[in-house]
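Engineer: Each chain, letter by letter, is given below.
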Amino acid sequence: MNAIKKAIHKKSMAGILFTLPFIIGFLIFLIVPMGISLYYSFCRYDILSPPVFTGLDNFRNMFSDPRFFKSVGVTFQFAFISVPLRLIFALIVAMLLLKNSKMSGFYRAVYYLPSIIGGSVAVAILWKRMFAIDGVVNNVLNMFGIHSTKAWLGDTKTALWVLIILAVWQFGSSMLIFLSALKQIPVSLYEAARVDGSNKVQQFLQITLPLLTPTIFFNLIMQMINGFLAFTQCYIITQGKPMDSTLFTTVYTYQQSFEFYNTGYGAALAWVMLAIIGLVTLVLFATKKFWVYEGGY
Amino acid sequence: MKQKLSVLLVAVLLASTLTACSKEAGKSGNESIDETSVSNDSADALQVTWWGSQTRNERTQAALDLFAEENNINDIDGQFSEWNDYWQKLATASAGHTLPDVVQMDYLYLDQYAKNDLLVDLTPYVNDGTLNLDNVDPNIVEGGKVDGKLYAVSVGTNVPALVYNKAITDAAEVEIKDNMTLEEFAEVSKIIYEKTGYKTNMAYGTSQEILQYMVRSVEGHVLFGENRLGIESADELRPFFEIYEKGVQEGWFLSPDVFAEQTAAAIEQDPLIYGSSPETLSWVSFIWSNQYVAICNAANEDAQLEITTWPAKDATLSNFLKPAMMFSVSVDAANPAMGAKVLDFWTNSTEANKILLGERGVPISETVADEIAGLLSEEEQKTIEFVNDVVKPNSSPVSPPYPEGSAEVSELINQLTEQICYGSMTAEEAAERLFTKGNQIMGQAAE
Chain A
12 MNAIKKAIHK KSMAGILFTL PFIIGFLIFL IVPMGISLYY SFCRYDILSP PVFTGLDNFR
72 NMFSDPRFFK SVGVTFQFAF ISVPLRLIFA LIVAMLLLKN SKMSGFYRAV YYLPSIIGGS
132 VAVAILWKRM FAIDGVVNNV LNMFGIHSTK AWLGDTKTAL WVLIILAVWQ FGSSMLIFLS
192 ALKQIPVSLY EAARVDGSNK VQQFLQITLP LLTPTIFFNL IMQMINGFLA FTQCYIITQG
252 KPMDSTLFTT VYTYQQSFEF YNTGYGAALA WVMLAIIGLV TLVLFATKKF WVYEGGY
Chain B
184 MKQKLSVLLV AVLLASTLTA CSKEAGKSGN ESIDETSVSN DSADALQVTW WGSQTRNERT
244 QAALDLFAEE NNINDIDGQF SEWNDYWQKL ATASAGHTLP DVVQMDYLYL DQYAKNDLLV
304 DLTPYVNDGT LNLDNVDPNI VEGGKVDGKL YAVSVGTNVP ALVYNKAITD AAEVEIKDNM
364 TLEEFAEVSK IIYEKTGYKT NMAYGTSQEI LQYMVRSVEG HVLFGENRLG IESADELRPF
424 FEIYEKGVQE GWFLSPDVFA EQTAAAIEQD PLIYGSSPET LSWVSFIWSN QYVAICNAAN
484 EDAQLEITTW PAKDATLSNF LKPAMMFSVS VDAANPAMGA KVLDFWTNST EANKILLGER
544 GVPISETVAD EIAGLLSEEE QKTIEFVNDV VKPNSSPVSP PYPEGSAEVS ELINQLTEQI
604 CYGSMTAEEA AERLFTKGNQ IMGQAAE
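As they're listed, the protein sequences go chains A and B.
Residues in the first sequence are numbered from 12 upward in steps of one, following this note's numbering.
Residues in the second sequence are numbered from 184 upward in steps of one, following this note's numbering.
Hints are supplied without guarantee of correctness; some may be wrong.
What the hints assert, rightly or not - Distance condition first, Cα-Cα at most 25 Å in a straight line; then the derived BS3-like pairs of lysine-lysine:
id	chain 1	residue 1	chain 2	residue 2
1	B	Lys429	A	Lys161
2	A	Lys81	B	Lys620
3	A	Lys21	B	Lys187
4	B	Lys185	A	Lys22
5	B	Lys496	B	Lys349
To be verified - Examples of chain A residues toward chain B, derived with CB under 8 Å:
id	residue
6	Ala25
7	Pro32
8	Ile144
9	Ala162
10	Lys252
11	Met254
What the hints contain is simulated information worked out from the structure, not anything from laboratory work.
As the structure is a prediction and not an experimental result, all values here were calculated from the model.
All C-beta atoms in this analysis are idealised placements derived from N, C-alpha and C, irrespective of residue type, glycine included.
Could you build the full structure based on these sequences and the hints that come with them?
Structural biologist: Structure below.
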């Protein structure tokens with residue numbers, strides 16, 4: 012009994028016990044499945060029968076698979092277009108909502124709303140309907156006199172933009188982060204600049220933007236990773252049609268794993284995707300010292 | 184004191200979470216297969232899954248509720264989904280051995296599921312009378328057998344059915360006759376487009392079925408053979424792609440934009456009955472006979488939907504009766520005997536079939552088919568007449584179940600037709616590509 016009492020009083024015991032639920036969950040639901048998935052990526056597995064070890068076959072097949080390369084291209088396009096656009100809108104709206112006017116609280120909530128509900132299935136289905144031949148977008152254009160019966164989702168050139176716009180519409184979460192960072196910039200800097208005779212544009216470029224670079228960097232990394240991992244919107248709205256012009260690698264992995272039953276190949280695709288995302292993040296971190304301001308205010 | 188208390192609380196929380204998790208793991212491990220005894224006190228819920236349209240879901244659930252009443256079961260948990268999602272769900276369920284008790288099976292996947300020991304062999308239940316198949320045509324029973332063992336009971340017969348809107352064909356003054364050829368089909372589609380502006384949809388998105396149908400016109404040929412495509416050369420595939428090419432060039436084929444906005448293979452969104460203008464509508468739909476009732480129910484009043492055969496070079500060789508709506512008992516069922524009883528109920532109970540009313544195809548038990556004949560609506564009678572009078576006398580045996588690799592080749596076929604419809608590929612190229620890549624995929628999948 013005394014030994015137990017002593018054990019409970021030790022500070023490290025408390026720490027261990029408090030983190031144990033998380034560690035167990037992390038191990039069981041994350042590490043172990045990842046390990047199994049890594050094993051599957053070296054196998055031939057069709058879910059219905061046990062996996063058969065085949066070595067590097069899956070990876071070799073990947074390099075002669077044109078759909079894989081197309082999907083990586085599409086995913087990069089999606090990420091590298093939607094993320095900067097998102098951040099630009101987030102910054103603009105954050106700057107507009109900086110003043111604490113009576114309605115600013117309400118506006119902040121309203122702009123944040125899409126990023127909460129936007130990832131849902133219901134909104135994705137609604138979005139699909141909006142861009143249909145007889146959908147809201149075409150009807151609004153007709154109202155303004157632009158006669159439009161364009162099938163936005165049927166044209167290879169515009170289908171990806173429907174998905175990009177959906178992603179950019181959800182800029183709310185980045186906006187809030189920018190808002191809090193903007194509020195932290197000391198007002199004295201702006202006062203000093205005004206005394207020196209600079210105008211608003213110069214203040215923005217010389218004070219606001221440089222001091223925001225750490226936040227921009229943080230948002231960029233987070234949003235870029237999320238952009239690469241986008242699945243729901245693509246799967247519900249286009250499933251990769253037309254002609255693979257909107258095939259994200261995540262959706263392709265799903266197709267291979269659960270529609271063609273090449274689950275081993277799907278696992279290999281997932282791990283390659285992980286490597287790609289890791290590489291992009293690494294490159295971003297490496298270029299950090301060139302443009303991110305690390306000092307204080 | 185505070186630290187001791189909080190640490191103890193966390194430890195208790197942890198312990199309770201772990202016991203809860205292990206309890207769940209323990210429950211699924213306790214399912215053992217009960218051989219041939221029928222336990223009379225099974226009040227547990229039975230899980231049945233199927234795919235289908237609104238009409239089918241309602242009728243099936245009603246029939247299952249009747250079974251639950253008659254057999255003192257608390258509740259039958261019926262889960263349904265669309266065709267595509269159904270197979271994905273079933274595959275993942277089989278990996279975790281959480282398959283529902285009774286699953287709807289299809290000819291396409293019967294082979295794979297049976298060979299991987301995921302379905303219960305029903306022969307013992309037939310032998311001891313739980314599953315009574317005496318009134319069923321032996322050919323139909325054969326359809327559910329793999330390697331001589333009975334894995335599924337097909338509760339309805341299905342045939343390929345071309346459903347067309349007579350209102351449109353009458354307006355265009357064309358006559359649609361049974362067993363027409365591909366050339367006649369293309370001719371008719373062109374005339375209808377010129378005279379009425381309605382376009383044509385030839386099985387876009389599910390085109391592997393019509394290709395299989397066409398390939399069968401050559402004796403002994405099938406689309407998906409053992410580790411290869413069951414055909415001799417790319418020439419056999421070309422006429423199929425040429426129809427799409429012709430349709431796009433002559434303007435009567437439905438634009439793929441319409442399909443970009445839909446859920447694939449949902450009967451309620453078929454361009455035959457769902458669309459806002461003639462350019463987004465089709466006068467025809469390539470479906471199956473047991474979807475005729477559903478599509479009639481989903482159509483609006485001024486559509487007059489009639490039923491005929493898919494076009495082919497040789498109707499007798501191409502047409503077939505497919506054992507459909509197969510039901511199987513999965514190996515994860517806690518009480519397989521009860522599952523077999525459900526199958527028996529489906530086949531032999533007149534009451535059940537009065538609810539289902541042939542929506543799942545012609546009832547396989549001849550006594551039941553006779554008994555419900557008088558209750559059928561006009562559409563249901565038309566379906567049965569079509570199967571029995573038009574197709575049955577003029578058909579050949581169904582091709583073997585599709586082997587592994589067929590799903591990927593089917594996707595390839597649909598991608599190639601998509602490219603032809605967008606004008607970025609010719610029929611010649613598509614046929615060549617399908618022949619080479621298709622053989623490659625089938626060969627690899629069989630290893």
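Engineer: It remains to establish, for every hint, whether it holds in the given structure.
Structural biologist: Each hint tested on the structure:
1. A C-alpha spacing of about 24 Å is found between Lys429(B) and Lys161(A), which places the hinted pair at or below 25 Å, so the restraint holds.
2. Restraint check for Lys81(A) and Lys620(B): satisfied, since their Cα atoms lie roughly 18 Å apart, inside the 25 Å limit.
3. In summary, the hint linking Lys21(A) to Lys187(B) is supported, as the alpha carbons are separated by about 10 Å, within the 25 Å threshold.
4. Pair hint Lys185(B) plus Lys22(A) holds up; C-alpha atoms about 12 Å apart against a cutoff of 25 Å.
5. With a C-alpha separation of about 23 Å, the suggested pair Lys496(B) and Lys349(B) falls inside the 25 Å cut-off, and the hint holds.
6. For the restraint placing Ala25(A) at the interface with chain B, the shortest Cβ-Cβ distance is roughly 5 Å, inside the 8 Å limit, so the hint holds.
7. Look at Pro32(A): its Cβ gets to within about 6 Å of chain B, closer than 8 Å, so that hint holds up.
8. Checking Ile144(A) against chain B: minimum C-beta separation of about 6 Å stays under 8 Å; hint holds.
9. Because the closest C-beta pair between Ala162(A) and chain B is about 3 Å apart, less than 8 Å, the hint holds.
10. Given hint, Lys252(A) at the interface with chain B, holds; its Cβ is 5 Å from that chain's nearest Cβ, closer than 8 Å.
11. This hint holds: Met254(A) has a C-beta 6 Å from the nearest C-beta of chain B, less than the 8 Å allowed.
Hint compliance for this structure: no hint is broken.
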